[in-house]
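So the protein sequences, as listed, match chains A, B and C. Sequential numbering of the first sequence, starting at 4, is according to my numbering. Sequential numbering of the second sequence, starting at 4, is according to my numbering. Sequential numbering of the third sequence, starting at 4, is according to my numbering.
A portion of the hints provided could be inaccurate.
Where chains are identical, the list cannot tell them apart; a pair therefore holds if satisfied intra-copy or between any two copies.
[Unchecked claim] No farther apart than 25 Å at their CA atoms in a straight line, the calculated lysine-lysine pairs in the BS3-like style are these: (1) 37 / 89; (2) 95 / 36; (3) 95 / 162; (4) 259 / 89; (5) 285 / 163.
Hints in this document: simulated from the structure, not taken from any laboratory.
Residue-level listing of the chains:
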Amino acid sequence: MLKGNLRGKDFITTQEWDYDELESVLDLASEIKKEPGKFSSELQGKSLIMLFFNPSTRTRLSFEIGMTQLGGHSVHMDAEKAWIGKGSESIKDTASVMAKYADGISIRIFPNITDWQYGKSNEVVREFAKWAEIPVINMECDMFHPCQALADILTIKEKKGNLSGKKFVLSWVYHPRPLPVSVPNSALLIATRFGLDVTLLHPKGFELDEQIMEWARSNCESNGGSLEVTQSMDEAYRDADVVYVKAWGSLKHYGKFEEEKKFRVDFRDWICNEELMELTNKDSIFMHCLPIRRNVEATDGVVDGAHSVVYDEAENRLHVQKAVLSLIM
Amino acid sequence: MLKGNLRGKDFITTQEWDYDELESVLDLASEIKKEPGKFSSELQGKSLIMLFFNPSTRTRLSFEIGMTQLGGHSVHMDAEKAWIGKGSESIKDTASVMAKYADGISIRIFPNITDWQYGKSNEVVREFAKWAEIPVINMECDMFHPCQALADILTIKEKKGNLSGKKFVLSWVYHPRPLPVSVPNSALLIATRFGLDVTLLHPKGFELDEQIMEWARSNCESNGGSLEVTQSMDEAYRDADVVYVKAWGSLKHYGKFEEEKKFRVDFRDWICNEELMELTNKDSIFMHCLPIRRNVEATDGVVDGAHSVVYDEAENRLHVQKAVLSLIM
Amino acid sequence: MLKGNLRGKDFITTQEWDYDELESVLDLASEIKKEPGKFSSELQGKSLIMLFFNPSTRTRLSFEIGMTQLGGHSVHMDAEKAWIGKGSESIKDTASVMAKYADGISIRIFPNITDWQYGKSNEVVREFAKWAEIPVINMECDMFHPCQALADILTIKEKKGNLSGKKFVLSWVYHPRPLPVSVPNSALLIATRFGLDVTLLHPKGFELDEQIMEWARSNCESNGGSLEVTQSMDEAYRDADVVYVKAWGSLKHYGKFEEEKKFRVDFRDWICNEELMELTNKDSIFMHCLPIRRNVEATDGVVDGAHSVVYDEAENRLHVQKAVLSLIM
Numbered sequence: 004m005l006k007g008n009l010r011g012k013d014f015i016t017t018q019e020w021d022y023d024e025l026e027s028v029l030d031l032a033s034e035i036k037k038e039p040g041k042f043s044s045e046l047q048g049k050s051l052i053m054l055f056f057n058p059s060t061r062t063r064l065s066f067e068i069g070m071t072q073l074g075g076h077s078v079h080m081d082a083e084k085a086w087i088g089k090g091s092e093s094i095k096d097t098a099s100v101m102a103k104y105a106d107g108i109s110i111r112i113f114p115n116i117t118d119w120q121y122g123k124s125n126e127v128v129r130e131f132a133k134w135a136e137i138p139v140i141n142m143e144c145d146m147f148h149p150c151q152a153l154a155d156i157l158t159i160k161e162k163k164g165n166l167s168g169k170k171f172v173l174s175w176v177y178h179p180r181p182l183p184v185s186v187p188n189s190a191l192l193i194a195t196r197f198g199l200d201v202t203l204l205h206p207k208g209f210e211l212d213e214q215i216m217e218w219a220r221s222n223c224e225s226n227g228g229s230l231e232v233t234q235s236m237d238e239a240y241r242d243a244d245v246v247y248v249k250a251w252g253s254l255k256h257y258g259k260f261e262e263e264k265k266f267r268v269d270f271r272d273w274i275c276n277e278e279l280m281e282l283t284n285k286d287s288i289f290m291h292c293l294p295i296r297r298n299v300e301a302t303d304g305v306v307d308g309a310h311s312v313v314y315d316e317a318e319n320r321l322h323v324q325k326a327v328l329s330l331i332m
Numbered sequence: 004m005l006k007g008n009l010r011g012k013d014f015i016t017t018q019e020w021d022y023d024e025l026e027s028v029l030d031l032a033s034e035i036k037k038e039p040g041k042f043s044s045e046l047q048g049k050s051l052i053m054l055f056f057n058p059s060t061r062t063r064l065s066f067e068i069g070m071t072q073l074g075g076h077s078v079h080m081d082a083e084k085a086w087i088g089k090g091s092e093s094i095k096d097t098a099s100v101m102a103k104y105a106d107g108i109s110i111r112i113f114p115n116i117t118d119w120q121y122g123k124s125n126e127v128v129r130e131f132a133k134w135a136e137i138p139v140i141n142m143e144c145d146m147f148h149p150c151q152a153l154a155d156i157l158t159i160k161e162k163k164g165n166l167s168g169k170k171f172v173l174s175w176v177y178h179p180r181p182l183p184v185s186v187p188n189s190a191l192l193i194a195t196r197f198g199l200d201v202t203l204l205h206p207k208g209f210e211l212d213e214q215i216m217e218w219a220r221s222n223c224e225s226n227g228g229s230l231e232v233t234q235s236m237d238e239a240y241r242d243a244d245v246v247y248v249k250a251w252g253s254l255k256h257y258g259k260f261e262e263e264k265k266f267r268v269d270f271r272d273w274i275c276n277e278e279l280m281e282l283t284n285k286d287s288i289f290m291h292c293l294p295i296r297r298n299v300e301a302t303d304g305v306v307d308g309a310h311s312v313v314y315d316e317a318e319n320r321l322h323v324q325k326a327v328l329s330l331i332m
Numbered sequence: 004m005l006k007g008n009l010r011g012k013d014f015i016t017t018q019e020w021d022y023d024e025l026e027s028v029l030d031l032a033s034e035i036k037k038e039p040g041k042f043s044s045e046l047q048g049k050s051l052i053m054l055f056f057n058p059s060t061r062t063r064l065s066f067e068i069g070m071t072q073l074g075g076h077s078v079h080m081d082a083e084k085a086w087i088g089k090g091s092e093s094i095k096d097t098a099s100v101m102a103k104y105a106d107g108i109s110i111r112i113f114p115n116i117t118d119w120q121y122g123k124s125n126e127v128v129r130e131f132a133k134w135a136e137i138p139v140i141n142m143e144c145d146m147f148h149p150c151q152a153l154a155d156i157l158t159i160k161e162k163k164g165n166l167s168g169k170k171f172v173l174s175w176v177y178h179p180r181p182l183p184v185s186v187p188n189s190a191l192l193i194a195t196r197f198g199l200d201v202t203l204l205h206p207k208g209f210e211l212d213e214q215i216m217e218w219a220r221s222n223c224e225s226n227g228g229s230l231e232v233t234q235s236m237d238e239a240y241r242d243a244d245v246v247y248v249k250a251w252g253s254l255k256h257y258g259k260f261e262e263e264k265k266f267r268v269d270f271r272d273w274i275c276n277e278e279l280m281e282l283t284n285k286d287s288i289f290m291h292c293l294p295i296r297r298n299v300e301a302t303d304g305v306v307d308g309a310h311s312v313v314y315d316e317a318e319n320r321l322h323v324q325k326a327v328l329s330l331i332m
């Protein structure tokens, strides 16, 4: 069934995998979702080291339980500042030894670990991948959250079928803290990769990384979708098929929390509510990667409403990750 | 063998399970204890999420190893203040997603997590149970410790056989810290449920929750036992068949530590010692849920003496929990 | 194949195991390394409780993954100061209960946990072993690191074949912190046990425990090796077959960090570099237990150089531990 041999491949961003490879993962994820029992010995005796520089619920649970359901085992390591600061063991040594014991490494590392220097956390993931002779999976760095992206696109395919001509809105919303851009980056990349007509909605000052935007535009060219950027909520939500809501911090004030707060606070009314959802297509879906701050990012009415597919989306994390693990480990 | 189908049922307090259901668990626990190997694939591929808002040794070990021995897996999560305070993810969202990944959730949450407002920790457990479409097990909240209760009654049945007419003393003892009432509550409920003649011994001011007392009295009526309350150690210990020792805090001064300390310190001599045990029946048993502060709650002579069954009692945690997990997951 | 029945035996120091028993472990480790799949059900359904009073990477990963590869399960417990200070549960109670649930206990405990009183951490391990009716494995205390010793000697045998007449240098090197002596103690004991000609190299003031030295000398007598102590780097490195580099603290200033620092800082130039390695035999091997502080303990040139076997040595931790676990549990 698989269109390519993915054994040993790192998964750091969807952007570095071929379209066919991504399709393979999604096909396998759907099969695993339908008949989980068929895959219960897939990773028998295999071990995944999960490095959490930052704590996590959903990611940790879905990876750990996913490994179990495939017959394997995962080791949960609280990594905090280990392997990064002065006086630490080199990542070369750590990764080389890990590769002697385990069959895969997955890493969660947020911008705070690398002093809010955009791209630095991603470099740590890549440093592990460079030295480890086993595949490395990005469980979210400061740039990418590729497993979330896969869960997102699987959910959209399940709910919307053919994606061509469907309107996907990626909407910035307010949050009291400046969250990483990994999720919007990844959502933008995957949506343009799968040919959706994307509208990126955010206030001025919350532009995404220009490199990501470039990739997104090039994705559109290759895959037949489109990309528009707007500051108009009405325009964005109108006739949308998919509303993807996410809070993120301003890259212009990255890591300068007080300065950012003053800037951000003007946009407190950027919340996804029932009125905005009224503008969308009748059968549109509301997505959020969770955790969501209710009645700040979106109202209870939206989160618990008929459009919402947030729990299905969260569930799909399990299935896509099991697919990725099965294919690369 | 099972007298009812318990699949999917929450286990928050023994009081909410029928007598027959509790008997089913105890029967199965005995069978598992005798032939553990027979049950080694019982929960193959199934996962239990263990949420520890407070750390634990015995509970964590017995649940985690129990799951392993049944062929399943448990995820150990340090939950601390997560999912409770302001700005946290809603319990609805957390529990709903957990139910997408796992087959059960078990929760340990002490009164300190919910600001020493009696009953509030129990509400958190019930909130998880409300939203999770998978069974929830109480690993001890501020009101109940039902798994301890099952281990206790199994131990008593093993050692004493027919429980009718047996004298069970639940004895308050001193401890420098005001401990939760979950264990005495649960011991009282299970002992009255199984028809023991219960003597509750404590100094004035350490009364248990009136709702629990009411349930206990009603248990006696239905099950043929009796309940007496006394402040006289001599009277309580005399002719006892089972001595169950436990320290707990005064509900009247709940959460007011300095005030409580002044009050509690007068009862420093409330310790279970060899002289008191001399008053009991020759073949009486000494029980404690552990951990015990030796020579404060009970003397070494008692804990290590001939009456003591504390390690058997601790062992039975494993067997009853395996039975519960097998039946509900 | 096994020369003795090791079931149930504690593993606290290699010194307390017979030579034949150690050989059994090494033979089994080699077999496991060659055909890991043959042993995938060896510990089916068995559980190891790993108590970490101090955090760990290599040890934790190799034990946890080792248990998994043998079909068993390990429980990772952060123990910190639990079971040691005032007001804690007695080790008797803890160990007795653990023995009711699990099939083995492994313990990591550094000198800081027992106030830098040399030998006290080892006593904690022995206290657990005294009360637990299941085998206890020392994952490094303040005196011994027996699993490291086994990995070391396996690596040496793999690389050097017949050990008779081979020159083994145990070289002190500088490190900004006073590290435990468990690794040099254990390396000295295992090297003399297996008949190597040992040269112990360190500055004056960094002598090892006299009891260890006595055991080492007695090992030489029984096993045909030799032991010399020198302060001359040149003399030590010349014609060496094995260079084993390790930083350790001065027992004379044990736990007095400021005092030790003043003393230690004079020896900052004690680093293993390419020039020193030039003095060794052409096919000599460079060993270090890791983590290593690069360019402080040894230069990058050495750690990444042709002599270095540090990753093989780390890998062998997995294999020897799987052998020990298989034999005693």
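So, going through the hints one by one against the coordinates:
With identical chains, the CA atoms of residue 37 and residue 89 are never at most 25 Å apart, being 48 Å at best within one copy and 38 Å at best between copies. Only between protomers do residue 95 and residue 36 lie at most 25 Å apart by alpha-carbon distance; the minimum there is 23 Å, versus 37 Å within a single protomer. With identical chains, the CA atoms of residue 95 and residue 162 are at most 25 Å apart between copies only, with a shortest distance of 23 Å across copies and 43 Å within one. When the C-alpha separation of residue 259 and residue 89 is checked against a cutoff of 25 Å, the pair qualifies both within a copy, at 23 Å, and between copies, at 24 Å.
Taking the shortest Cα distances, residue 285 and residue 163 sit within 25 Å of each other inside one copy (12 Å), while across copies they are farther apart (67 Å).
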